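Asker: Chains A and B, in that order, give the protein sequences. Just so you know, we're using the numbering used here here: the first sequence kicks off at 1 and counts up by one. Just so you know, we're using the numbering used here here: the second sequence kicks off at 1 and counts up by one.
I should point out that these hints are in silico values taken from the structure, not numbers from a laboratory. Here the structure is a predicted model, which means the values were calculated and not measured. Cβ atoms here follow ideal geometry from the backbone N, Cα and C, with glycine treated the same way. Worth double-checking, as some hints may not be accurate.
What the hints assert, rightly or not - As a list, the in silico DSS-like pairs of lysine-lysine whose alpha-carbon atoms are at most 30 Å apart:
id: 1; chain 1: A; residue 1: LYS168; chain 2: B; residue 2: LYS166
id: 2; chain 1: A; residue 1: LYS209; chain 2: B; residue 2: LYS170
id: 3; chain 1: B; residue 1: LYS168; chain 2: A; residue 2: LYS170
id: 4; chain 1: A; residue 1: LYS232; chain 2: B; residue 2: LYS170
id: 5; chain 1: A; residue 1: LYS170; chain 2: B; residue 2: LYS211
id: 6; chain 1: B; residue 1: LYS3; chain 2: A; residue 2: LYS286
id: 7; chain 1: B; residue 1: LYS443; chain 2: A; residue 2: LYS211
id: 8; chain 1: B; residue 1: LYS166; chain 2: A; residue 2: LYS166
id: 9; chain 1: A; residue 1: LYS166; chain 2: B; residue 2: LYS168
id: 10; chain 1: B; residue 1: LYS3; chain 2: B; residue 2: LYS71
id: 11; chain 1: B; residue 1: LYS170; chain 2: A; residue 2: LYS168
id: 12; chain 1: B; residue 1: LYS388; chain 2: A; residue 2: LYS3
id: 13; chain 1: A; residue 1: LYS226; chain 2: A; residue 2: LYS168
id: 14; chain 1: B; residue 1: LYS443; chain 2: B; residue 2: LYS286
id: 15; chain 1: A; residue 1: LYS209; chain 2: B; residue 2: LYS166
id: 16; chain 1: B; residue 1: LYS443; chain 2: B; residue 2: LYS468
id: 17; chain 1: B; residue 1: LYS286; chain 2: A; residue 2: LYS3
id: 18; chain 1: A; residue 1: LYS77; chain 2: A; residue 2: LYS166
id: 19; chain 1: B; residue 1: LYS226; chain 2: A; residue 2: LYS170
id: 20; chain 1: A; residue 1: LYS211; chain 2: A; residue 2: LYS263
Said to hold, decoys possible - Only some residues are given here: those of chain A computed to face chain B with a beta carbon under 8 Å:
id: 21; residue: ASN14
id: 22; residue: GLU62
id: 23; residue: SER79
id: 24; residue: ILE100
id: 25; residue: GLN124
id: 26; residue: VAL160
id: 27; residue: PRO181
id: 28; residue: GLY201
id: 29; residue: SER369
As the list claims (entries may be wrong) - Coverage of chain A stretches by chain B, computed from C-beta distances (three or more under 8 Å per stretch; other residues unrestricted):
id: 30; region: 250-263
id: 31; region: 413-421
id: 32; region: 447-458
There are 2 protein chains.
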Amino acid sequence: MLKQEIINNFVSPNGTNRSEVDTLVRQFSAQLFDFLTNSVETSPLPEFHNVDSAFFQIPVAELSIQEIKDKLEVIYKSSMNAANPRYLGHMDSIPSIYSILGDYIASALNNNMLSLEMSPLLTQLENNLMSQFANLFGLPSGSGGVMLSGGTLANLQALVVARNNKLKIKDGNVYSLLQQPVVFTSDVAHVSVVKSCMLMGIGSSNVVKVKSNQNAQMCVDDLILKIDEQIKLGNIPFAIVATAGTTITGSIDPLNEIANIAKRFNLWFHVDAIYGGALIFSVEHKNLLNGIELADSISFNPQKWLYVAKTCSMVLFRDFSGMVDNFRITAPYMKDQEHFINLGEITVQGSKYAEVLKLWLSLLGLGISGYQQLILHCYVLRDVFVDKAACRKYLELATNPDTNVICFRIMNSDADQCDLLNEQLQSYLLRQCGFFVSMPKFKGQNWLRVVLINPFITDEIIDELFTKIDWFVQNSN
Amino acid sequence: MLKQEIINNFVSPNGTNRSEVDTLVRQFSAQLFDFLTNSVETSPLPEFHNVDSAFFQIPVAELSIQEIKDKLEVIYKSSMNAANPRYLGHMDSIPSIYSILGDYIASALNNNMLSLEMSPLLTQLENNLMSQFANLFGLPSGSGGVMLSGGTLANLQALVVARNNKLKIKDGNVYSLLQQPVVFTSDVAHVSVVKSCMLMGIGSSNVVKVKSNQNAQMCVDDLILKIDEQIKLGNIPFAIVATAGTTITGSIDPLNEIANIAKRFNLWFHVDAIYGGALIFSVEHKNLLNGIELADSISFNPQKWLYVAKTCSMVLFRDFSGMVDNFRITAPYMKDQEHFINLGEITVQGSKYAEVLKLWLSLLGLGISGYQQLILHCYVLRDVFVDKAACRKYLELATNPDTNVICFRIMNSDADQCDLLNEQLQSYLLRQCGFFVSMPKFKGQNWLRVVLINPFITDEIIDELFTKIDWFVQNSN
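Please put together the full structure from these sequences, using the hints given.
Answerer: Here it is as structure tokens:
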């Protein structure tokens with residue numbers, strides 16, 4: 001009934017258009033891999049330009065394969081190019097091939113993690129893999145978790161469960177409370193804590209910011225002070241969010257001490273290990289996570305340091321059935337299941353694709369030992385970088401880096417001059433040298449930030465970066 | 001420094017391992033397409049079985065390509081198989097090839113929709129495409145939207161903006177309110193409305209359920225009654241959620257009338273067009289959406305009737321800058337931009353992959369005219385189905401279907417017998433005949449539900465289904 005041109009937009013389930021499909025897929029796959037295998041030739045961050053809206057127009061009639069490939073070519077050449085090993089600016093890296101294939105396959109299978117009926121095997125995979133991760137973090141038996149599309153959602157779900165549990169409002173009615181609820185996190189914690197509190201009815205201004213020390217780690221003395229202060233004000237503290245791997249400097253809060261304080265005040269203890277959680281795979285640096293096994297909940301993003309394509313995030317709970325009890329929303333169109341709860345009933349999202357597949361394939365392709373080596377490599381690069389920075393009198397580091405996230409800058413006694421100089425250096429590195437370092441605000445000033453995560457970064461590349469910085473400093477006065 | 005086996009898990013940006021990568025990709029791609037082009041050979045919904053946890057174990061050392069392919073083979077054979085045209089049960093269909101390729105490419109590029117810096121072209125694409133969709137829905141200039149990973153998040157964002165706007169709490173503090181806020185939706189609306197209210201601090205029990213009529217559409221008289229009732233109770237109504245395409249029967253609420261009531265009581269008017277929104281591409285049936293152009297916000301999922309792989313969802317706002325004003329949460333690690341707001345600041349999610357790419361590629365590959373034909377085809381199938389059901393005295397329809405979602409059942413004067421009989425029919429169709437129809441609860445009873453969405457469904461397949469139903473009825477007494 002439908003014309004063949006329309007039908008050929010789908011893989012016929014009985015193979016009637018296999019040759020057309022193969023041709024189509026081969027062309028786009030070739031274009032993609034031609035780009036990926038030459039991504040050093042493209043700037044790590046191409047110059048921004050406004051694209052004319054005609055380029056994006058939804059057409060009345062379908063375009064030809066060549067016309068679509070031409071549009072994609074523009075996208076390849078104008079996108080963030082984190083595969084280039086001179087892209088050093090953010091926690092976004094080159095994804096593993098298995099994670100790319102995982103997305104390809106998950107997309108084609110198009111199962112729905114909403115319910116067991118719509119993803120009979122993949123629901124089991126997610127359930128099982130989350131239990132394995134909970135164990136890797138040292139959570140006891142009875143722990144487990146769910147996957148979500150990004151770290152903000154993982155932190156949101158943890159805080160909603162904390163709210164419902166600690167404030168005893170299973171139906172989530174914040175209006176019914178007798179006191180203003182408040183959450184504690186450090187002044188360098190991720191913005192998703194504030195966003196979550198805006199979303200969940202607590203109010204963004206009721207996130208109490210605890211001071212951080214010179215290494216951007218939460219000051220526990222100030223935490224106690226602030227909790228006491230809030231109690232005196234008549235407010236009701238219900239959760240502390242510690243960070244294992246802050247966004248700007250990769251710093252890890254003193255988890256054991258914070259766990260003790262949470263216990264003392266009967267607060268929910270959530271660890272945002274979105275970045276640093278990958279250290280469970282490190283023999284040498286796992287100890288940085290000591291205390292995380294005391295958490296009520298942990299959020300972790302394989303989409304960062306486990307090299308899985310975005311999005312891929314999880315939130316783990318010490319007491320999985322307690323989480324279910326404080327969160328579950330059922331639906332009449334989801335069949336009751338004996339063995340597994342429909343994931344849509346116990347996650348912030350409803351319909352969801354099988355993000356778990358790419359995580360699992362990456363783990364199968366690399367093994368725990370592969371991840372150990374990758375993380376170790378990043379620490380070797382960190383040491384190389386820190387040594388080179390230390391022997392240059394004109395540079396300073398923002399912190400003593402706990403991980404492979406490093407903030408540095410050219411020193412200058414005048415704050416405005418300092419900001420300007422580092423801004424110029426960033427621009428010089430990108431425009432003249434093909435290096436991308438990011439420039440966050442930290443303690444009100446510009447810093448340059450590298451995340452040494454790409455497996456193709458070598459000592460030579462770091463050498464080259466410092467040579468460029470040296471040249472800039474010598475010629476900028 | 002890293003061993004070559006580890007490096008070969010990534011596409012080298014200078015092509016040093018292209019042949020290894022090509023071999024790997026070719027093998028998995030061949031396996032995938034061998035399955036897809038023969039998916040009629042696999043049951044639309046394979047029998048559920050518990051998988052031994054050893055199968056899912058994270059290995060210490062990497063597995064071989066063959067070992068990984070063997071595991072994938074199990075996944076292919078045990079997953080929901082919606083590509084099979086005898087899979088009729090849910091709003092999950094076979095995805096377009098371009099949408100599968102879109103995920104493949106987006107995953108490999110691994111841009112981050114969090115900020116313009118991390119997705120310079122793709123942020124523009126999302127921004128532009130959302131404006132085009134807002135226009136297609138008839139929203140005025142100044143409208144626009146954002147994409148989110150699934151419809152629940154789209155409804156959540158709409159309701160959060162409604163809450164912050166109508167209750168004048170930009171920071172989201174529900175505790176600070178003087179009256180209990182309430183939301184109205186029909187008693188057959190999607191569960192995400194209740195879930196959103198649990199998440200956002202309104203309380204799941206403060207979703208007031210408005211009666212639906214015999215066609216599962218919201219009764220406007222009851223809506224007015226319920227609003228008056230809540231006002232008398234001292235509560236504060238702030239939003240109405242109408243549905244264009246309910247989950248169970250695909251019904252469309254009377255949007256014009258509801259818009260008038262929303263205006264009269266100064267309530268936010270949100271339309272959950274998650275399913276039915278696709279009708280903007282239908283010449284013949286677009287009129288069913290009349291009144292949607294009066295909405296304050298609209299949620300719509302291309303992942304359903306636009307045949308885009310999951311997840312792919314959007315929420316559109318009549319007043320885009322008003323949405324920004326009532327939602328935006330900024331972050332110090334995101335660079336201020338002149339032309340485009342970082343999407344992470346104005347969406348429920350933070351980091352997000354470029355879901356927009358697969359939507360755009362599908363639109364380019366099919367064009368508006370291709371989508372017109374696909375939707376028309378579904379309506380032709382609906383008419384065939386309804387005619388065949390009508391001429392069988394032993395069958396009844398739950399509603400007069402507005403779309404291609406149809407609930408039917410074998411009639412029986414005894415309610416328990418009726419439930420049992422239809423359960424047996426569902427099981428017979430799946431186990432003996434290779435057809436999957438779903439079995440939701442509707443008005444407290446079992447109904448059988450088909451969603452005639454797969455482009456490979458033919459009149460012959462519907463004929464075959466009714467022949468099987470006839471046989472079952474004749475032999476079940």
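Asker: With reference to the structure, classify each hint as holding or not holding.
Answerer: Structure-based check of all given hints:
Between A:LYS168 and B:LYS166 the CA atoms are separated by roughly 27 Å; this keeps the pair inside 30 Å, and the hint holds. Proposed proximity of A:LYS209 and B:LYS170 is supported: the alpha carbons are some 19 Å apart, at most 30 Å. With a C-alpha separation of about 25 Å, the suggested pairing of B:LYS168 with A:LYS170 holds against the 30 Å cut-off. Of the pairs offered as hints, the one joining A:LYS232 and B:LYS170 holds, with about 26 Å between alpha carbons and a cut-off of 30 Å not exceeded.
Between A:LYS170 and B:LYS211 the alpha-carbon distance is near 26 Å, which keeps this suggested pair within the 30 Å criterion. Distance restraint check for B:LYS3 and A:LYS286: the Cα-Cα separation of roughly 22 Å lies within the 30 Å cut-off, and the hinted pair is therefore satisfied. For the hint linking B:LYS443 to A:LYS211, the alpha-carbon distance of about 55 Å lies beyond 30 Å, and the restraint is violated. For the hint pairing B:LYS166 with A:LYS166, the CA-to-CA distance comes to about 29 Å; that is within 30 Å, so the pair holds.
Restraint check for A:LYS166 and B:LYS168: the C-alpha separation of about 27 Å stays at or below 30 Å, so the hint holds. This hinted pair checks out: B:LYS3 and B:LYS71 have alpha carbons roughly 25 Å apart, not beyond 30 Å. In summary, the hint linking B:LYS170 to A:LYS168 is supported, as the alpha carbons are separated by about 25 Å, within the 30 Å threshold. About 25 Å separates the Cα atoms of B:LYS388 and A:LYS3, which keeps this hinted pair within 30 Å; it holds.
For the hint pairing A:LYS226 with A:LYS168, the CA-to-CA distance comes to about 23 Å; that is within 30 Å, so the pair holds. With a C-alpha separation of about 28 Å, the suggested pairing of B:LYS443 with B:LYS286 holds against the 30 Å cut-off. Under the criterion of a C-alpha separation no larger than 30 Å, the hint pairing A:LYS209 with B:LYS166 is consistent with the structure, at around 28 Å. Straight-line distance between C-alpha atoms of B:LYS443 and B:LYS468 comes to about 26 Å, which keeps the hinted pair within the 30 Å bound.
For the hint pairing B:LYS286 with A:LYS3, the CA-to-CA distance comes to about 22 Å; that is within 30 Å, so the pair holds. Using a Cα cut-off of 30 Å, the hinted pair A:LYS77 and A:LYS166 is violated, with the two alpha carbons roughly 50 Å apart. Between B:LYS226 and A:LYS170 the CA atoms are separated by roughly 25 Å; this keeps the pair inside 30 Å, and the hint holds. About 20 Å separates the Cα atoms of A:LYS211 and A:LYS263, which keeps this hinted pair within 30 Å; it holds.
Restraint check, A:ASN14 versus chain B: the minimum CB separation of about 5 Å is within 8 Å; hint holds. About 4 Å separates the beta-carbon of A:GLU62 from the nearest beta-carbon of chain B, less than 8 Å, and the hint is met. Below 8 Å, beta-carbon pairs count as interface contacts, and A:SER79 has one with chain B at about 5 Å; its hint therefore holds. Given hint, A:ILE100 at the interface with chain B, holds; its Cβ is 5 Å from that chain's nearest Cβ, closer than 8 Å.
At about 5 Å, the closest approach between the beta carbon of A:GLN124 and any beta carbon in chain B falls short of 8 Å, and the interface hint on this residue holds. A cut of 8 Å between beta carbons decides the hint on A:VAL160: the least distance to chain B is about 6 Å, and the hint holds. Below 8 Å, beta-carbon pairs count as interface contacts, and A:PRO181 has one with chain B at about 7 Å; its hint therefore holds. The interface hint given for A:GLY201 is met, as the beta carbon of that residue sits about 2 Å from the closest beta carbon of chain B, less than 8 Å.
The interface hint given for A:SER369 is met, as the beta carbon of that residue sits about 6 Å from the closest beta carbon of chain B, less than 8 Å. Counting residues of the region 250-263 of chain A whose C-beta sits closer than 8 Å to any C-beta of chain B gives 0, which falls short of three, so the coverage hint is violated. Only residues whose C-beta sits within less than 8 Å of a C-beta in chain B count toward coverage, and the region 413-421 of chain A has 0 of them, not enough to reach three; the restraint is violated. Look at the region 447-458 of chain A against chain B: 3 of its residues bring a Cβ nearer than 8 Å to a Cβ of that chain, three or more, so the hint holds.
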